[in-house]
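J.: Working from the sequences, and respecting the hints, build out all of it.
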Amino acid sequence: MPRYQKLINECDSKPAKNAGQQEQQQHCYQQQPKGTPNVGYHLYLYRQQLSQKNVEYMRLSKAKYFITDTLLAKTVRNLKGYSADELKTVNHQIVFRHKLRRQIQRLRKLRSLGIKNANPKMESTEL
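Here the sequence shown is numbered in my numbering, starting from -11 and rising by one per residue.
Source of the hints: derived by calculation from the structure; they are not laboratory data. For each residue, glycine too, the CB sits at the ideal point set by N, CA and C. Don't take each hint at face value.
Under the rule of at most 30 Å between Cα atoms (straight-line distance), these lysine-lysine pairs were calculated in the DSS-like manner [what the hints assert, rightly or not]: (1) 76 with 41; (2) 52 with 76; (3) 104 with 41; (4) 68 with 52; (5) 97 with 87; (6) 76 with 87; (7) 52 with 97; (8) 41 with 68; (9) 50 with 87; (10) 41 with 97; (11) 52 with 104; (12) 41 with 62; (13) 104 with 87; (14) 62 with 50; (15) 41 with 52.
Label-pair restraints from in silico Cβ distances [claimed, not checked]: (16) 104 with 68: 44 to 52 Å; (17) 106 with 69: 35 to 43 Å; (18) 28 with 99: 25 to 33 Å; (19) 38 with 75: 25 to 33 Å; (20) 77 with 29: 21 to 29 Å; (21) 68 with 97: 33 to 41 Å; (22) 101 with 65: 19 to 27 Å; (23) 99 with 73: 17 to 25 Å.
T.: Rendered as structure tokens:
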């Protein structure tokens, strides 16, 4: 996890060298399209949802998916320097992302069937 923490904070730790670069490298969060929250904000929302009594599972799953997807995208850029153990970890996280995607699809299907805020750990009734 320390590597992910570095990736999250990498744009804050890079100071601009001169005034020309400083204008080009305005705050990293401003480079994102407007309306797209960053990873830190999604972590904040995820923690807020966990602290509530009535948890919205769809919102939690979407936040987890966004966080995982963003961190994996940053990690995949630098795969050359990774050891075999770190590559296994990345592979597990890719599998986790696919499970989250299936879970979100299942929650959407349950919502369309009229089951609001279904627990994703609920057993399936499929035969």
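J.: Against the earlier hints, flag every one the structure doesn't satisfy and list their numbers going up.
T.: 1, 8, 12, 22 and 23
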